[in-house]
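Each chain, letter by letter, is given below.
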Amino acid sequence: MDVRLTAPDGYQTERSYSIASAPEDDDLSLTVERLDDGEVSPYLVDELREGDELEFRGPIGGHFVWDSEFGGPLFLVAGGSGVVPLRSMLRHHRAIGSRVPVRLLCSARSLELLIYREELMEMAACDLIDVSITLTREAPSNWRGYRGHIDPALLSTAGWAPSEAPLTYICGPTAFVETAAAGLVGLGYDAARIRTERFGGTGV
Amino acid sequence: MGPLDGNALAGVMHDLFARDMTTVGYKCTNCGSAGIVAELAVYMSGPGTVARCRDCDTIILMFTERHGMYCIDMPGMA
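Which chain is which? The protein sequence lines are A and B, in order. If you count by my numbering, then the first sequence holds residues 1 to 204, one letter each, in order. If you count by my numbering, then the second sequence holds residues 1001 to 1078, one letter each, in order.
Hints may be right or wrong, so weigh each one.
What the hints assert, rightly or not - Simulated DEER-style distance windows between Cβ atoms:
(1) D37/A <-> G1048/B: 12 to 22 Å
(2) E50/A <-> A1078/B: 19 to 29 Å
(3) G58/A <-> D1057/B: 38 to 48 Å
(4) E122/A <-> D1073/B: 43 to 53 Å
What the hints assert, rightly or not - Looking from chain A toward chain B, a few residues come up when the C-beta cut is under 10 Å (computed):
(5) R49
(6) R57
(7) R117
Worth flagging that the hints you see were computed from the coordinates, not collected in a lab. Glycine included, each C-beta is placed from N, C-alpha and C at the ideal position.
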């Protein structure tokens, strides 16, 4: 979705944000990560009030979408706020009662910074959905998940065997997406079944 | 702001071409690599938008907007 803001003097600027909700949800949700040096996100996070009007365009873009016809198994790889569009896919998966098995790998700086952590934990209770989390900066003392940045070993452990022909969606900051995509191709994943979306944002 | 990818062009390209352009294919005139618009490396922090080949950095397409009028150039798209 594109969000356009217009200042009183007519200056306009727009940004694209991923949809966090599923098509079946009653409301459209966008999740905006506040970037300290951003032009738009601090306004949306700090200043926007109920009743304020925004201009939207979309949703448009047929690349980074999952349709149940595409099948699976699904491997979803999120860096930082890259989890947002993947959460939309997971909610859609649940809403349609899909039987496609899903593995989700999230990388976040800390557990507190993992967006939707409670909802992801709830989703992980479903037999079809497996959630792996790696924390790159801080972890609770009793943390039993993964530590450190993604690498081929972690991708291999958290993902599917290439022979299962997984359909993979990777979303996160550019460097994260490149690392994940190159790692998976190196493990033998079919590059044609890897879809990516890169955005600006704080790192992972 | 670091580079984004062609997914970020979905909205504006839809306005210009009246269809989803992110799944449209391209072939780089310099290195010959082929892909879809969603995979291009996109720089939006300058005065215009520049999309480059992910393999060789050649400029595939550019566009700028002023007073509601768009100028589109596709120097590297074959």
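**Asked** Regarding E50/A and A1078/B, is the given constraint of 19 to 29 Å on their beta-carbon distance met?
**Response** violated (49 Å)
**Prompt:** Within 38 to 48 Å or not, the Cβ separation of G58/A and D1057/B?
**Reply:** violated (29 Å)
**Item:** Range hint compliance [Cβ, D37/A to G1048/B, 12 to 22 Å]
**Value:** holds (21 Å)
**Prompt:** Between E122/A and D1073/B, is the Cβ distance one that fits in 43 to 53 Å?
**Reply:** Given range 43 to 53 Å: holds, Cβ gap about 49 Å.
**Message:** A closest beta-carbon separation below 10 Å is what the hint needs, so does R49/A meet it against chain B?
**Reply:** violated (24 Å)
**Prompt:** Is the shortest C-beta separation between R57/A and chain B less than 10 Å?
**Reply:** This interface hint holds because 4 Å falls under the 10 Å limit.
**Item:** Hint check, R117/A versus chain B [nearest Cβ-Cβ separation less than 10 Å]
**Value:** Where the cut-off is 10 Å and the nearest Cβ of chain B is about 25 Å from R117/A, the hint is violated.
Comparing the model with each numbered hint stated earlier shows that hints 2, 3, 5, 7 do not hold.
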